[in-house]
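Participant: Chain residues, written in single-letter form:
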Amino acid sequence: MADEGASVGSLLRDAAREVERLRSSGLVPERFERELDARFEAAAVRALRVPAFAERSARLRALARRVVPRAARPAARAAARAGDRLLRGVYTRLESTVRRG
Amino acid sequence: MSRPERIDQVIPAIVEHDAVSNHTFEAQRLLREMGFASEIYARIIGPGCGGRVLPIDELPESSGRDHWLLYQSSIGSPAAEAFAAHRGTKLLDYHNITPARLVERWLPPLGDEARLGRAQLARLAPLVAYALADSAFNAAELGEAGYARRRVVPVLVDRGNIETAPATDVLARLEQAKAGGGADWLFVGQVAPHKAQHDLVKAFACYRLAYDPVARLHIVGREMGSAYIGALRRFVDDLGLGSAVELTGSVPTAALAAHFASADVFVCLSDHEGFCAPVVEAMHRGVPVVAFAAAALPETVGEGGVLLPQKAPTFVAAAVHEVLASAARREALVAAGARQAARFTLDAARAAFRSAIDEAVELV
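Chains as they are written, first to last, in the numbering used here: chain W, 55 to 155; chain H, 27 to 390.
Here chain W stands alone, though its shape is the one from the complex:
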């Protein structure tokens, strides 16, 4: 950037001052950041709970390596991913239906 480091440095200092202003004004309180972290973690836990057969089952992958001929593996991999997406979709709909009661 023009005057290189100095300008980027001043931009970062201005950004740090902005953070102070946003905090002290209550516009973006610290708890908002903590809430963002917690919400993503909750989304992560739910996403990881959904079965992902194609991705997570080492035993299934090992079995597939034994029984699927090498030439057929790209097609088999695509089919497994499609099946995985379908199963995850069904699971997600079921889960949200159950949660809604």
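Note that these hints are calculated values from the structure, not bench results.
Note that the structure is a prediction, hence the values are computed from the model and not measured.
A few of these clues could be false.
Chain W is faced by these chain H residues, among others (derived, beta-carbon under 7 angstroms) [what the hints assert, rightly or not]:
| # | residue |
| --- | --- |
| 1 | Leu235 |
| 2 | Ala236 |
| 3 | Ala253 |
| 4 | Ser381 |
| 5 | Asp384 |
Covered by chain W, per the in silico footprint, the following chain H stretches (three or more residues, Cβ under 8 angstroms) [as the list claims (entries may be wrong)]:
| # | segment |
| --- | --- |
| 6 | 106-112 |
| 7 | 223-232 |
| 8 | 241-249 |
| 9 | 336-343 |
By construction, the Cβ of each residue, glycine as well, lies at the ideal position given by its N, Cα and C atoms.
Chain W is fixed; fit chain H onto it per the hints.
Facilitator: Relative to chain W, chain H alone:
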């Protein structure tokens, strides 16, 4: 000095719209221009690459010192074993391997492959006569792994990603949204935990809250597994940002050009990048870059963008605001980006690659 007749390349997987794959195709063109016979052998060949790439099972046995192999290393793979077992003189091009801890929660098999990749990298060190790395960051890792002869050669960027004209339909859609006001944030890269798109969403949520309630975030790139993108979608929906955050998936080059043309800022909060070609593409296309200073990013961004020492969401939002609120700052950043991008032009990278191969031929 012993000049080989052929230098073939071995790569674990080759797919379209992928920086390492593009680099491999460009390296093949260069090797052929330099007078070597050269084919690419891959264990996994993605759609659209058939015909240009051969299965690794067809890798011919070496007939002696006239047959060299160049291995493109970015993940663990049985392809590395085939490379190791070959009798030809060996070169290795290192694009870095994502640390397993960043991906294994989301995709355990990828964590295993990453660990395998690092173990293979160490095992290959005594077998490899000369190594290339696309950043000094990667070259330092090669040094730690025991590679004595190594040289930095930047990624051979895909000229199409820089020169292709924007798709008019995509650009029209993006410009129509822009006409309603609000800034457009852009990130391009695989949707993967180590690229930390979730941190991008957090920063973007702060930005909308503090500065720009109608801003938009465009996340361009194919997904790595379904768990991480599933969490990201849930997170976006939970924050009520479904209409503001666009997850495009993999897009054609012209659509990517439209996203660059419409973007106000390129924001990268990755925890790990071996080079990050999209940063260079953004600088080429005049989009100011704001990036978290992790892994190779300080080197790739250099003085051509804003390097963040931390990525607390509010701090990122404030830094982006500082870039976009001042036309003078934005223009200075665009100019600095253009200067930095000039270091990574395809011509410069091609010259570095040629020079490295010449040096390898001289030394080996």
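Participant: If a hint holds in the structure, say so; if it does not, say that too.
Facilitator: Hint by hint, here is what the structure shows:
1. Leu235: 6 angstroms, holds
2. Ala236: It holds, given that the least Cβ distance between Ala236/H and chain W is near 5 angstroms, below 7 angstroms.
3. Ala253: 5 angstroms, holds
4. Ser381: 28 angstroms, violated
5. Asp384: 34 angstroms, violated
6. 106-112: violated (count 0)
7. 223-232: holds (count 5)
8. 241-249: violated (count 0)
9. 336-343: holds (count 5)
Consistency with the previously given hints fails for numbers 4, 5, 6, 8, ordered from lowest to highest.
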